[in-house]
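Asks: Listed below are the residues making up each chain.
There are 2 protein chains.
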Amino acid sequence: MRDFLPAELVRRRHVINTIQQTYEKYGFVPVETPSIENLSTLLGKYGDEGDQLLFRILHRRDKLARALEKSEVEEKDLGDLGLRYDLTVPLARLVANNSDLPKFFKRYQIQPVWRADRPGKGRFREFLQCDVDITGSKSLLAEAEVCSAVCEVLLKLGFSNFEIHINHRQLLKSLIKASGISIENEGNALVAVDKLDKIGVDGVAKELSQRGISEEQTRNLLTLIQRPCGLDEAGELERLKAGLAADSEALAAIQQLAELSALLKSTPASGHFNIDASLARGLGYYTGPIFEIRSPDFSGSLGGGGRYDGLIGMFKGSEIPAVGFSIGFERLVLVLEEKGLFGQLGCGPEVMICHFADVSDAKVLEAANCLREAGVKVEIYPETPKLGKQIAYAETAGAAFAAIIGATEAKNCTLSLKNLVTGEQQTLPWKEVAAHIKKP
Amino acid sequence: MRDFLPAELVRRRHVINTIQQTYEKYGFVPVETPSIENLSTLLGKYGDEGDQLLFRILHRRDKLARALEKSEVEEKDLGDLGLRYDLTVPLARLVANNSDLPKFFKRYQIQPVWRADRPGKGRFREFLQCDVDITGSKSLLAEAEVCSAVCEVLLKLGFSNFEIHINHRQLLKSLIKASGISIENEGNALVAVDKLDKIGVDGVAKELSQRGISEEQTRNLLTLIQRPCGLDEAGELERLKAGLAADSEALAAIQQLAELSALLKSTPASGHFNIDASLARGLGYYTGPIFEIRSPDFSGSLGGGGRYDGLIGMFKGSEIPAVGFSIGFERLVLVLEEKGLFGQLGCGPEVMICHFADVSDAKVLEAANCLREAGVKVEIYPETPKLGKQIAYAETAGAAFAAIIGATEAKNCTLSLKNLVTGEQQTLPWKEVAAHIKKP
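Taken in order, these protein sequences are the chains called A and B.
Numbering-wise, the first sequence is residues 2 to 441 according to our numbering.
Numbering-wise, the second sequence is residues 2 to 441 according to our numbering.
These aren't lab readings, by the way, just hints derived from the structure by calculation.
Note that this is a predicted model, so its numbers are computed, not measured.
For each residue, glycine too, the CB sits at the ideal point set by N, CA and C.
Incorrect hints may have been included.
Far from chain B by the CB rule (all over 12 Å, computed), these chain A residues [stated by the list, open to error]:
1) Met2
2) Phe29
3) Ser161
4) Asn162
5) Lys196
6) Ala235
Simulated pairs of lysine-lysine, DSS-like, Cα-Cα distance not exceeding 27 Å [to be verified]:
7) Lys77(B) with Lys77(A)
8) Lys157(B) with Lys432(A)
9) Lys432(A) with Lys199(B)
10) Lys364(B) with Lys157(A)
11) Lys199(B) with Lys266(A)
12) Lys64(A) with Lys64(B)
13) Lys364(B) with Lys104(A)
14) Lys64(B) with Lys122(A)
15) Lys104(A) with Lys387(B)
16) Lys412(B) with Lys266(A)
17) Lys104(A) with Lys419(B)
18) Lys412(A) with Lys266(B)
19) Lys440(A) with Lys46(B)
20) Lys139(B) with Lys104(A)
21) Lys199(B) with Lys174(B)
22) Lys71(A) with Lys77(B)
23) Lys419(B) with Lys64(A)
24) Lys122(B) with Lys64(A)
25) Lys390(A) with Lys139(B)
26) Lys157(B) with Lys439(A)
27) Lys139(A) with Lys387(B)
28) Lys266(A) with Lys432(B)
29) Lys340(B) with Lys77(A)
30) Lys390(B) with Lys317(A)
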């Protein structure tokens, strides 16, 4: 858990603002959901591992007393609320509960989530998620829009060394089946393949064998999911089609990937995506195309998403299709910092008012008020030590100017404005100070 | 706990932006702290009632198992973390832990806090706090700055029917003593007086008597703290001085209130404050001037604050003086809504692209991309039902324009732009559409 001091917070806000502005250009509207959800909403959506990473809220007073009276107290007796684990499940609950939302609900949501995970590089127990989702349509335009919006965010932030890896959940399932792996072992195979970029081919092979998948099946699967060197996009789609020619569901998935590729070429995502049959995405709820942002500048994913046509139905009864993309905000900030892509982001006052003891504090406030009315960011040094000390403080606070007010300035409603970069100083009426400070 | 849908969220953001911009003009810088704090940081700072309202996080796995092994399990065994209860204690912890902050740290913080309270009008279990604090100075300029900044926020939002009630913790203590109430009963008297605006004079009298304070003492106290009808600011200060002429600490407090009044007349708070010796503020940590925003438009406070010179020392060892003000964000939003002060706040796309089935989706994306590059908020209707249905949807989505693309428009890279207010329609090249939409 981290405190964010001003310099870092200004960088985070720059990223957030870029995300907001970009998503709004795509017609997405903002939503926020509560930090605390019913455990019944959260449990069973993220797999066993996810369930264990939930932060649960302890019952209070009577409820707690009653729970502790039992002879054998269990975790489930001690609370029925938990902290939000992601933004997708709350969205599904919200859409299921609000029947008067637009049919095609394009929402974005930027809020913290909590996971009781071991922290690592770019991994925290409280972290910001930035999600963009479209509910209500099965059109591939929805996939194209979320991928395009995410690419545009990264490019706007000056970061272009990335690719969106795209796969299709159905294609991957078909490849698992074609490898000879039984349907009972499909989940195990998915979990193992999901670790490919972390533990490599040998690691996945080991994990598959531990889960009772034969050497031959493992070899088949690893051959099928990995693109041969030098094969281009069209060639890769042909290779996959050839390997699954008898599987109509697989062919439909490949066709969708081909169409999505064609669409993305007409968007800012052009040149920033590839088809990757080895992409698995951990979460259980995906049903169609899946995405993940990878970059040579970061080991691990910078975000991901996909189509999940069944999740809202878990809350609503009837199905509502949906597709979404989540940016890994904390990792993105890390990468932007490492690559020096933030530039100069200002923070703090533009001018520090320095004053002498023989000037009334009321006069000082009047001067500050006059500058603030003109839109200047003004800090008042709260005490009256020697001028040099006040000016030195103005410099460390990052103010570009010190505005000095002594008896003469107070009488004439002027300020002696000192440029802390050039050292230049001039006396100006209060009303003219703002224009001088704002002048480029 | 509440979901915020776009229309409401846009109003909340408008308030947040106004607060941010105003506070930054005063030279305040932003800070954020984690949602989860150690219980040891939180407990004992908010009084017994506050401690009971903390949301505690349940231990997980081994720690939980060990806790449940005990024969007599207690609340304190089950967790050592809790959700943030306010923003002041986290600030005190942060200032105590970061010795390289500016000497006069002017920070603002806008984040949710959590209290397991009974919900009521404008009261929620998760709610936003907007705090502004200055640490490091005992100067009354600090009090003047936070009061002025808060007033400016309210006025900027179009709300002027409020007054900041100002008292001094030391003055109130001296008045309690002058009433003949023993020092042991001071805390009880403070708690009772704090309820004056909720339960009235009779209610406070009843509560004081229940706490063992005599009828005469009660009468004395209620006479001393209430301003007689028709007495102006200067008269009230004289009345208080006369009643406490032998109490040097009280006279110093009254002198501070007189000086603060004089300062505030030189700020946007002018005409929006009064001295109110009956103001108590519940929290235990105040040591000097205290503030509360009251309005005839809302029963209860719209925010409050004060000087707390001892709190940071509880974390640091050595004392750092501090003063702050917190806006009751949820209540403020409620009042602004009730008074219709939000006006028209836009949300959602400016233009909806409606398209025919014989136009490729790739072409539609190209057109959308061209408009978005020019800064237009564009939603694409994701499917191709009859045009009338698409246009009707554009209207309900609040788009000002529908941009229609059929085979001819696709061929010529044009759009038929329909103004959904006037019904006017014209065909324009993609590049000219943005200018037409943005035209005032």
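Asks: Now look at each hint and say whether the structure bears it out.
Replies: We went through each hint and held it up to the structure:
no. : hint                     : result
1   : Met2                     : violated (4 Å)
2   : Phe29                    : violated (8 Å)
3   : Ser161                   : holds (17 Å)
4   : Asn162                   : holds (22 Å)
5   : Lys196                   : holds (22 Å)
6   : Ala235                   : holds (16 Å)
7   : Lys77(B) with Lys77(A)   : holds (18 Å)
8   : Lys157(B) with Lys432(A) : holds (21 Å)
9   : Lys432(A) with Lys199(B) : violated (45 Å)
10  : Lys364(B) with Lys157(A) : holds (23 Å)
11  : Lys199(B) with Lys266(A) : violated (64 Å)
12  : Lys64(A) with Lys64(B)   : holds (21 Å)
13  : Lys364(B) with Lys104(A) : holds (24 Å)
14  : Lys64(B) with Lys122(A)  : holds (25 Å)
15  : Lys104(A) with Lys387(B) : holds (16 Å)
16  : Lys412(B) with Lys266(A) : holds (18 Å)
17  : Lys104(A) with Lys419(B) : holds (22 Å)
18  : Lys412(A) with Lys266(B) : holds (18 Å)
19  : Lys440(A) with Lys46(B)  : violated (47 Å)
20  : Lys139(B) with Lys104(A) : violated (57 Å)
21  : Lys199(B) with Lys174(B) : holds (21 Å)
22  : Lys71(A) with Lys77(B)   : holds (18 Å)
23  : Lys419(B) with Lys64(A)  : violated (59 Å)
24  : Lys122(B) with Lys64(A)  : holds (25 Å)
25  : Lys390(A) with Lys139(B) : holds (18 Å)
26  : Lys157(B) with Lys439(A) : holds (22 Å)
27  : Lys139(A) with Lys387(B) : holds (17 Å)
28  : Lys266(A) with Lys432(B) : holds (20 Å)
29  : Lys340(B) with Lys77(A)  : violated (45 Å)
30  : Lys390(B) with Lys317(A) : holds (25 Å)
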